[in-house]
Amino acid sequence: MIKDIKNLIDSIHEIYMSKELLINLTTKELKLKYRNSVLGFFWSLLNPIMMMLVYTFAFTFIMPQKQAHFTVFLLAALLPWNFFSAAVQGSTTSIVSNANLIKKVYFPREIIPLSIIFSNFVSFIITLSILFIAMAISHITIGWVVIVYPLILILLLFLAIGLSYFLSALNVLYRDISHFVEIVFMLWMYLTPVIYTYDLVSQRIAALGHKGVYLNMAFLMNPMTLVVESGRDLLLKNKLPPIGYIIALIVIDIILVVLGNKVFRKIEEKFAEEI
Amino acid sequence: MRKGVADIMSVIEFKHVTKYFNIYQNKSNSIKEQFLNKVLNRNKLEVEQMFVLNDASFKIEKGQTVGIIGENGTGKSTSLKLISNILKANSGEISVQGKISSLLEVGVGFQPDLSGRENIYLYGSILGLSKAEIENQYDEIVEFSELERFMDTPVKNYSSGMYMRLAFAVAINVDPDILLFDEVLSVGDSNFQKKCINKILDFKRRGKTIVYVSHDMSTVSRICDKVIFIKRGGHILEGPTERMIGLYMKLTYSADDAEKEKLNTYIENNKSDEISPDFNIKMHEAKEYINGNREGNKDLEITELYFSDKEGRPRNLYGTEEDIKVNIKFKKNKEVKHAVLIFKIYTEEGWLIVYHTCQQDGILITDIKDTNSVSLIIKNDLFLKSKYYFTVGLYDETCENPYDVREKHYWFYVHESNIEEFGKIKVKCDWQL
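Line order of the protein sequences matches chains X and S. The numbering of the first sequence is this note's numbering, which starts it at 1 and goes up by one. The numbering of the second sequence is this note's numbering, which starts it at 1 and goes up by one.
So that you can see chain X by itself, here it is in the shape it has in the complex:
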């Protein structure tokens, strides 16, 4: 384990030496996203705005929800979820799509999936502005605890990075991994309290009695539950999330990144031959 951590530090050092390339590839991803479209970069803002309007209509007029300000609650979880889904799925196929670079130039290979994750992260941060506007409209006050929110975002970022190390490398050897990942993400969203609130889950768990403990554990073992609920606590309920959530996320992140890096480095030797 110690050796793996040392290898990770070497990897990080190598990436740092090529940081300009990482920045350039990330910028390229952002530029290319909307290069030829009429509205250009405005689409990144338009997307969450449209979501907000449609969901407000759906969950206020069609299916009214008990949770007050349901749209804001929804967005506060949906925006980070969309980042997570796009970042991990995009980076899974990134090595294979960049076969020509891999086969002809040397640079630390992690830069490829990292550029996908970082470009999605930047888009995500921009869409948060819409969330804050929605909160203002709903007269939800922001407490000082919001200072901790960036920490949650960083933990989410590393969750995505750790997973993408595994998936992007494995996808080179087994091309159907990307299809599995697609399906898993579809299911995963419904197993995370994104379009419903955790309160709803707690009620169901209480109704189950002592069997509910297992259901509760299942939810809490899902790191995205921890991320989403912490986000909602900080932004909308003006309270600090349970410290256990933060610690669990930190531990999960470290394990994912260290082991993910190990797997990545191992398969990396064969990249140029397998693509």
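Warning: the hint list may mix true and false statements.
What the hints assert, rightly or not - Pulled a few chain S residues facing chain X out of the computed Cβ check, cut under 7 angstroms:
#, residue
1, S30
2, I31
3, N85
4, I86
5, L87
6, K88
7, L104
8, V108
9, G109
10, D113
11, L122
12, S125
13, I126
14, S130
15, K131
To be verified - Partner residues are not named here, just some residues of chain S that face chain X (Cβ under 10 angstroms, in silico):
#, residue
16, K32
17, Q34
18, K81
19, S84
20, G98
21, S102
22, L103
23, E105
24, Q111
25, L114
26, L127
27, G128
28, P154
29, D182
Unchecked claim - With a cut-off of at most 30 angstroms between alpha-carbon atoms, the simulated DSBU-like pairs for lysine-lysine come out as follows:
#, chain 1, residue 1, chain 2, residue 2
30, X, K262, S, K32
31, S, K99, X, K270
32, S, K329, S, K387
33, S, K131, X, K103
34, S, K194, S, K329
35, S, K88, X, K266
36, S, K231, X, K103
37, X, K3, X, K19
38, S, K15, X, K3
39, X, K6, S, K199
40, X, K103, S, K199
Just so you know, the hints here were simulated from the structure itself, not pulled from any lab data. Ideal Cβ positions, reconstructed from N, Cα and C, are used throughout, including at glycine.
Using the hints, position chain S against chain X.
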């Protein structure tokens, strides 16, 4: 970052490096298929190992320009990829000291939707340049590419020639310690190619280490100090440029199988000194005429002539539509200001059908150094199936005093390909009935 200890002077070192590739007859890339194969116990994976490098050891010292040559499918590009850390060796040790820039393909990573300017920055950073360095050299790059007016157009609107020129202009302005080239010089018109070769010679002068993989023997002999020849099967041999080029040509083009066998055993036993140094490019010499039939005061002396295809691969067998490239070397024995190159082509019956001088194309050979190379491409839309003899000569500028004229010393052959006609010359006809 690279493990292994190299000598102080050697910048790249391969120690007993072996690299093979697995050729799969029926590999599957999906979990589903592999799972089914295991469960149903079918389709045992058929693997063949193809060795491209077999126990190869060599050293490249700082400031050397080393060529790597060999037939198609030998480990030439693989060696470059091993040096760049794109591939890993199966056994043996590789050590590299210094910053590498590998130009294995021109324009790798170019984004069609981005403008020329944006691609310069992107491609430059892929090749390892920092933003500051690119900014510094931006004007030079644009000037070298001759694309000043197109910097803001998206690269997808470029012609393929413009695309290559831009990519090359960036690549050639990288300033690393070690440069690796993989047959990337065949882009652009001859003017541009000249610029590129000059830039490479400039790197040489500045003490950079260069590894150059190519099929174009004339460029290899021009710029390389020594050459590594990789034989099919992975054995390598190292030696002086001319000797290795001769060896390559003999092995590849010789009709004499016994000689090839001898050479093969020499290589496998690594006896490079035993190979006699007269492996020169004599195969295109016409044995009937080579001794004698020569006049001139030898102030300039033609030392070598061979035929090749447009890319420089030596051969003297052509199809009826293929262009013929003539590569000539001559040396200076006395000070000469100008010279005119002439050539004649005879059919096997002895008829003189071509007598051409470079003056007729407006060319005069000036700037004559101790050793010189000239090449010309004869556009072949005339010759039909026959054996042809070739005379080459150098005269002074009045075209009256010969320096060295070699009558019918060389030959080439045009075979039928898709035109079945007797006679020597092709004609185009418009018929009216």
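Structure-based check of each hint:
1. The beta carbon of S30 (chain S) comes within 4 angstroms of a beta carbon in chain X, closer than 7 angstroms, and the hint placing it at the interface holds.
2. Interface hint status for I31 (chain S): upheld, as the beta-carbon distance to the closest one in chain X is roughly 5 angstroms, under 7 angstroms.
3. Interface hint at N85 (chain S): satisfied, since its Cβ lies 5 angstroms from the closest Cβ of chain X, which is below the 7 angstroms cut-off.
4. For I86 (chain S), the interface hint holds, since its Cβ comes within 7 angstroms of a Cβ in chain X; the closest pair sits about 5 angstroms apart.
5. Given hint, L87 (chain S) at the interface with chain X, holds; its Cβ is 5 angstroms from that chain's nearest Cβ, closer than 7 angstroms.
6. Residue-level restraint check for K88 (chain S) holds (minimum Cβ-Cβ distance to chain X is 5 angstroms; threshold 7 angstroms).
7. With a least beta-carbon distance of about 5 angstroms to chain X, the hint placing L104 (chain S) at the interface is held under the 7 angstroms criterion.
8. With a least beta-carbon distance of about 4 angstroms to chain X, the hint placing V108 (chain S) at the interface is held under the 7 angstroms criterion.
9. Hint status for G109 (chain S): holds, given a least beta-carbon distance of 5 angstroms to chain X, under 7 angstroms.
10. Proximity of D113 (chain S) to chain X holds as hinted, the smallest CB-CB distance being about 5 angstroms (cut-off 7 angstroms).
11. The interface hint given for L122 (chain S) holds, since its Cβ lies 6 angstroms from the closest Cβ of chain X, which is under the 7 angstroms cut-off.
12. A distance limit of 7 angstroms between C-beta atoms decides the matter here; for S125 (chain S) the minimum to chain X is near 5 angstroms, and the interface restraint holds.
13. A least Cβ separation of about 6 angstroms between I126 (chain S) and chain X falls short of the 7 angstroms threshold, and the interface hint therefore holds.
14. Of the supplied interface hints, the one on S130 (chain S) holds, with its beta-carbon coming within about 6 angstroms of a beta-carbon of chain X, less than 7 angstroms.
15. For K131 (chain S), the interface hint holds, since its Cβ comes within 7 angstroms of a Cβ in chain X; the closest pair sits about 6 angstroms apart.
16. With a least beta-carbon distance of about 6 angstroms to chain X, the hint placing K32 (chain S) at the interface is held under the 10 angstroms criterion.
17. Checking Q34 (chain S) against chain X: minimum C-beta separation of about 8 angstroms stays under 10 angstroms; hint holds.
18. Residue-level restraint check for K81 (chain S) holds (minimum Cβ-Cβ distance to chain X is 7 angstroms; threshold 10 angstroms).
19. Annotation: interface hint on S84 (chain S) holds; nearest CB of chain X at approximately 5 angstroms, less than 10 angstroms.
20. For G98 (chain S), the shortest C-beta to C-beta distance to chain X is roughly 14 angstroms, which exceeds 10 angstroms, and the interface hint is violated.
21. Using the Cβ-Cβ criterion of 10 angstroms, the hint placing S102 (chain S) at the interface with chain X is satisfied: the shortest such distance is roughly 7 angstroms.
22. Interface hint at L103 (chain S): satisfied, since its Cβ lies 9 angstroms from the closest Cβ of chain X, which is below the 10 angstroms cut-off.
23. Hint status for E105 (chain S) relative to chain X: holds, with the closest Cβ pair at about 5 angstroms, below 10 angstroms.
24. Evaluation of the Q111 (chain S) hint against chain X yields a held restraint, the C-beta minimum of about 6 angstroms falling below 10 angstroms.
25. Hint status for L114 (chain S) relative to chain X: holds, with the closest Cβ pair at about 7 angstroms, below 10 angstroms.
26. Proximity of L127 (chain S) to chain X holds as hinted, the smallest CB-CB distance being about 7 angstroms (cut-off 10 angstroms).
27. Interface hint status for G128 (chain S): upheld, as the beta-carbon distance to the closest one in chain X is roughly 8 angstroms, under 10 angstroms.
28. Given hint, P154 (chain S) at the interface with chain X, holds; its Cβ is 8 angstroms from that chain's nearest Cβ, closer than 10 angstroms.
29. For the restraint placing D182 (chain S) at the interface with chain X, the shortest Cβ-Cβ distance is roughly 9 angstroms, inside the 10 angstroms limit, so the hint holds.
30. Of the supplied pair hints, the one linking K262 (chain X) and K32 (chain S) holds, its CA atoms being roughly 25 angstroms apart against a limit of 30 angstroms.
31. Between K99 (chain S) and K270 (chain X) the alpha-carbon distance is near 23 angstroms, which keeps this suggested pair within the 30 angstroms criterion.
32. Between the alpha carbons of K329 (chain S) and K387 (chain S) the distance comes to roughly 23 angstroms, so the proposed pair stays at or under 30 angstroms and holds.
33. Distance restraint check for K131 (chain S) and K103 (chain X): the Cα-Cα separation of roughly 24 angstroms lies within the 30 angstroms cut-off, and the hinted pair is therefore satisfied.
34. Of the pairs offered as hints, the one joining K194 (chain S) and K329 (chain S) holds, with about 17 angstroms between alpha carbons and a cut-off of 30 angstroms not exceeded.
35. Restraint check: the Cα-Cα separation between K88 (chain S) and K266 (chain X) comes to about 12 angstroms, which is no more than 30 angstroms; the hinted pair holds.
36. Under the criterion of a C-alpha separation no larger than 30 angstroms, the hint pairing K231 (chain S) with K103 (chain X) is consistent with the structure, at around 23 angstroms.
37. Simply put, K3 (chain X) and K19 (chain X) have alpha-carbon atoms about 24 angstroms apart, close enough for the 30 angstroms limit, and the pair holds.
38. This hinted pair checks out: K15 (chain S) and K3 (chain X) have alpha carbons roughly 27 angstroms apart, not beyond 30 angstroms.
39. With a CA separation close to 42 angstroms, the supplied pair K6 (chain X) and K199 (chain S) exceeds the 30 angstroms bound.
40. A C-alpha spacing of about 26 angstroms is found between K103 (chain X) and K199 (chain S), which places the hinted pair at or below 30 angstroms, so the restraint holds.
The structure does not agree with the numbered hints 20 and 39 stated previously, though it agrees with the rest.
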